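Note that full-length UniProt numbering gives residue 339 to position 339 of the sequence shown, counting from 1, and the numbers run on in steps of one.
Everything labelled a hint here was simulated from the structure, so no lab data went into it. Errors might be hidden in some of the hints.
Listed below are the simulated SDA-like cross-link pairs for lysine to any residue, each with C-alpha atoms no more than 25 angstroms apart in a straight line [stated by the list, open to error]: (1) Lys25 / Trp202; (2) Lys25 / Gly211; (3) Lys25 / Thr201; (4) Lys25 / Arg93.
These numbers come from a predicted model, not from an experiment.
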Amino acid sequence: MLEKAYRGQCAAVKVHCTNEAERRKRGLTLFALALGSFCIGTSEFASMGILQLFSASLGIDIPTATNAITAYAFGVVIGAPLVTLAAARLNRRTLLLCLMGLFILGNVLSAVATDLGTFAFARFISGMPQGAYFGAGAVVASYIVGPGHAGKAFALVMSGLTIATIIGSPLATFLGQSLGWRNTYFSVAAVAGLALIALWTWVPRTQALQGGPVAQELASLRRPAVWAMMLVAALGVASIFAVYTFIGPFVTDVATLDQTWIPAALALFGLGMTAGNLIGGRLADSYPARGLVVGYGSALIVLSVLAAGGGNVRILMPALFGVGLTMMVAIPTIQVRLTRVAPEAPTLMGAINLAALNVANAIGAWAGSLTIAAGYGLLSAVWAGFGLTLLGLLVFALTLPKAPQPAPA
Numbered sequence: 001m002l003e004k005a006y007r008g009q010c011a012a013v014k015v016h017c018t019n020e021a022e023r024r025k026r027g028l029t030l031f032a033l034a035l036g037s038f039c040i041g042t043s044e045f046a047s048m049g050i051l052q053l054f055s056a057s058l059g060i061d062i063p064t065a066t067n068a069i070t071a072y073a074f075g076v077v078i079g080a081p082l083v084t085l086a087a088a089r090l091n092r093r094t095l096l097l098c099l100m101g102l103f104i105l106g107n108v109l110s111a112v113a114t115d116l117g118t119f120a121f122a123r124f125i126s127g128m129p130q131g132a133y134f135g136a137g138a139v140v141a142s143y144i145v146g147p148g149h150a151g152k153a154f155a156l157v158m159s160g161l162t163i164a165t166i167i168g169s170p171l172a173t174f175l176g177q178s179l180g181w182r183n184t185y186f187s188v189a190a191v192a193g194l195a196l197i198a199l200w201t202w203v204p205r206t207q208a209l210q211g212g213p214v215a216q217e218l219a220s221l222r223r224p225a226v227w228a229m230m231l232v233a234a235l236g237v238a239s240i241f242a243v244y245t246f247i248g249p250f251v252t253d254v255a256t257l258d259q260t261w262i263p264a265a266l267a268l269f270g271l272g273m274t275a276g277n278l279i280g281g282r283l284a285d286s287y288p289a290r291g292l293v294v295g296y297g298s299a300l301i302v303l304s305v306l307a308a309g310g311g312n313v314r315i316l317m318p319a320l321f322g323v324g325l326t327m328m329v330a331i332p333t334i335q336v337r338l339t340r341v342a343p344e345a346p347t348l349m350g351a352i353n354l355a356a357l358n359v360a361n362a363i364g365a366w367a368g369s370l371t372i373a374a375g376y377g378l379l380s381a382v383w384a385g386f387g388l389t390l391l392g393l394l395v396f397a398l399t400l401p402k403a404p405q406p407a408p409a
């Protein structure tokens with residue numbers, strides 16, 4: 001899902017594994033990294049699936065409960081660049097182990113939280129490792145497979161995130177419905193413990209994975225194009241989260257279905273995201289802007305249909321698939337454009353990519369909660385997402401560099 005965001009970082013790895021014993025274990029190394037990605041994705045997306053459960057348990061309404069979703073997103077936004085820069089010189093193996101340990105701590109704290117304040121803090125802690133984990137994972141994947149295959153290897157690592165949207169989040173939501181929402185986080189922490197053991201066992205112990213300075217990459221932040229693309233991503237992609245955050249209430253309160261339909265709705269959304277990512281990846285490789293324009297433009301149509309007819313299950317379910325698909329068509333183009341703006345700063349741009357998408361997470365959940373709290377109904381969150389995506393498309397149109405004119409004959 002995010003492999004294009006870290007392609008530059010994979011390509012920047014110049015030292016590769018020459019130890020034949022370690023190379024024979026590369027499948028296990030990639031599995032360990034993918035298992036960590038799966039845990040991170042499951043924790044993030046399952047929180048939206050159990051929104052109604054923890055809001056009722058903590059005695060707060062749904063708009064207020066979305067502050068916990070926003071807290072996680074802010075953890076990623078702050079942690080992605082901050083941890084990446086602060087731990088730049090640390091060995092990547094050591095960094096991965098520390099990050100997974102912090103992630104486990106955040107999920108255990110989430111499971112035992114007694115009020116919104118402690119729960120939001122726990123979600124913030126859970127989100128902080130995400131960006132640096134993917135960055136370190138890109139380096140390790142590139143090192144272990146050797147030159148020429150780094151992109152495909154990291155795509156395998158990121159498949160854990162894709163599987164999380166299709167299987168992990170729905171399964172964790174079902175578990176929360178059956179055994180209580182706290183067990184969702186305990187279960188994620190338990191699987192993350194297995195990931196920690198796998199990383200300890202199968203990521204090579206070598207000085208070749210020692211980090212290096214990335215402070216020189218900070219100069220790329222002076223470029224207006226970087227901030228413009230971040231703004232396009234933060235606004236446009238927000239509609240995914242304005243919808244995904246409230247899938248549970250859409251299913252039970254708008255379409256009046258039983259809560260057992262929620263995992264199926266989440267899985268359908270995840271399937272749409274996976275299909276959209278495949279389409280968007282091809283567009284991003286061939287065209288500089290088409291993927292974003294097509295993705296945002298078609299998402300506006302699907303969002304309109306969902307907002308108008310989401311009370312009908314025959315419209316709700318296909319529309320959820322459609323929102324996931326159309327928005328993910330746009331995201332690979334965003335990632336490619338951002339990395340091309342500053343090709344000399346692959347580490348920082350990978351972190352910035354992830355930070356921008358989680359600003360979208362925070363804005364989408366926040367905007368949806370505002371319209372719901374104002375009394376406009378649950379589906380007003382979809383219209384909030386529509387407005388944000390439209391604004392993102394307009395910003396992109398205004399900031400898109402003009403194509404050079406052909407020279408006169």
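(message) Tell me the numbers of any earlier hints that the structure contravenes, in ascending order.
(response) No numbers; nothing is violated.
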